[in-house]
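Peer 1: Each chain, written out:
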Amino acid sequence: MTATQPAAGRTPVRRLAGLLHRRRRLRLSLLLTAPLLWLAVLYLGSLAVLFVSAFWTTNSFTSEVVKVWSTDNFHALLTTPVFRQVILRSIGVALAVTVLCAVIAFPLAFCTARVARPRWRPLLVVAILTPLWASYLVKVYAWRLILSQGGLADWMLKPFGLSGPGFGLPAAVITLTYLWLPYMILPIHTALEQLPANLLDASADLGARPGRTFRSVVLPMVLPSVAAGSVFTFSLSLGDYITVQIVGGKTQLIGNLVYSNIELNLPMAAALGTVPVVVIVLYLLAMRRTGALSSL
Amino acid sequence: MQLSRSARIALRIAAGIGFAIIYVPLALVLVNSFNPDRSASWPPPGWTFHWWSTAWENAGARNAVWVSVKAGLGATAIALVLGTLIAFAVARHRFFGRNAVSFVVVLPIALPGIVTGIALNSAFGTVLKPLGVGLGLFTVIVGHATFCIVVVFNNVVARLRRTSGSYEEAAMDLGAHTFRAFVDVTFPLVRSALLAGALLAFALSFDEVVVTTFTAGPGVETLPIWIFNNMTRPQQAPVVNVVAAVLVLASVVPIYIAQRLSADTATESRI
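As you go down the protein sequences, you meet chains A and B in turn.
Following our numbering, the numbering of the first sequence begins with 313 at its first residue and continues without gaps.
Following our numbering, the numbering of the second sequence begins with 35 at its first residue and continues without gaps.
In isolation and in its complexed conformation, chain A is listed as follows (with noise of 0.2 Å):
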């Protein structure tokens, strides 16, 4: 028998995993090579080509995209009144929703981090996340319910000589703010609850009342952690249109607009996409002057 044991480190195994282990670079190329394919190329090459697109423009008559480069498309967006008015629209709602869950969620958040009793806290916590399971269309359905004719809004208002808002752009705020309250909840709980408790006994030992101990204490440290709650009230109302489209009536925001647009004119759907895009540019941008991107 001339053949023996390969002796260790002899295996082709052995030998793969020797190199592997010497060589890092060629580990790291390994690791990276899909992952890279998949998101720079597939995902990140179809970004720019729809970004060149948006200059680009449409014949009129065969809808057939023309590959010639103007700025007419910006153009028009800036000054075609409807485009200007849905993007202020837009805008404001995203900003609308953002404030309503900020206000709904501080009181909420600050009875599950500090008021309640220490043991149902995590229980809380879950009842928070719970509706994030549910799904998106599930919840957008209920208030289409809650808000259709004779629906639970009515039947809750009626005593009061009032009705429900019923379809438009209320309800559309409403929704909104119902999906993306969780986000806001969370980082304002997490927050009060790792306030060191001796910051606020040190207040109110240098005789701050609590409101005083609120603003000037408690309000400043949790800030950055609303406008962290804020950046995905604002960037995922800016970017939605099935909520509008089921709850909103007739009500059209920006992303209706691109929706509209993407069968008969591509390059003005392109150029109009941007628009969410560098407003939520624009918003993290100055989110990050308060230091909430850190806590994310």
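Some hints here could point you the wrong way.
What the simulated footprint calls covered on chain A by chain B, stretch by stretch (three residues with Cβ under 8 Å from a Cβ of chain B suffice, anywhere in the stretch; the number is not a length) [what the hints assert, rightly or not]:
1) 335-343
2) 355-364
3) 402-412
4) 449-460
5) 573-583
Cβ-Cβ distance ranges computed for the label pairs, FRET-style [unchecked claim]:
6) B:127 - A:593: 21 to 31 Å
7) B:217 - A:384: 56 to 66 Å
8) A:575 - B:161: 17 to 27 Å
9) A:384 - B:161: 34 to 44 Å
10) A:377 - B:217: 47 to 57 Å
11) B:65 - A:415: 25 to 35 Å
12) B:73 - A:397: 25 to 35 Å
13) A:575 - B:97: 21 to 31 Å
14) A:415 - B:40: 34 to 44 Å
15) A:429 - B:167: 50 to 60 Å
16) B:78 - A:430: 24 to 34 Å
17) A:528 - B:81: 50 to 60 Å
Listing some non-contacts, in silico: residues in chain B with all C-beta distances to chain A over 12 Å [as the list claims (entries may be wrong)]:
18) 70
19) 86
20) 96
21) 104
22) 155
23) 167
24) 170
25) 198
26) 200
27) 204
28) 222
29) 225
30) 229
31) 252
32) 254
Hints in this document: simulated from the structure, not taken from any laboratory.
Bear in mind the structure is a predicted one, so any value in this text is a computation, not a measurement.
Think of the CB as a built atom: it goes at the ideal place given N, C-alpha and C, for glycine as much as any other residue.
Assemble the complex: chain A is given as a structure, and chain B must be docked to it using the hints.
Peer 2: Same frame as chain A, but now just chain B:
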């Protein structure tokens, strides 16, 4: 901060109202699935189980569930592989453009779905169509995987940052080669993070509407697309009600698994 008694009561009431706002719509969906009437007027005129059996036999809804499961599993599998690879590269290596890589991973979920949707749609149109491949389940899986990578990546990279490379080094000092160290040391350390990532990725894919709209071929209907298409048809309202109720009930499953996983993680970090 010693809050006064009245302030505590006020905060409790505010939180109670907050939780009511969160849960009343979900409860309404459950109640409404027993509504014998086709309209959503409140209060319902009675109770019936009739629509539950109708929905059970609804071919469209059943088929849509199946399509969604297939798309979710496919996207999750791809996201697991790609997300884990990037996580290892970013957490265990230093290289030029590392921050850019972490940024690109987040981009598909940070940008509005409609932007990702039309970008992929026109890319598929220009690249796949000449090859004779149309939009279908395959393109849905590709689209979903793109934005699912980030959740796997986030979970695995967080775990790798908590567990330094010294465990692997110790294993190698004891004679294990790269693959053995991975199988015996690294993989058990990241296993629950992988499971959590897979759960989130599947849930994300199962629920997605916008990117699906632009990447699904004709005849490929995931469950959210089915709900969206049937939501406004009065004839289908009772079946949609039941499907919505089932989805609300089904969301308990991932919550339970997530709780079990995080309990798992807690015991692990105690080592």
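Peer 1: Sort out which numbered hints this structure fails and list those numbers smallest first.
Peer 2: 3, 9, 14, 16 and 22
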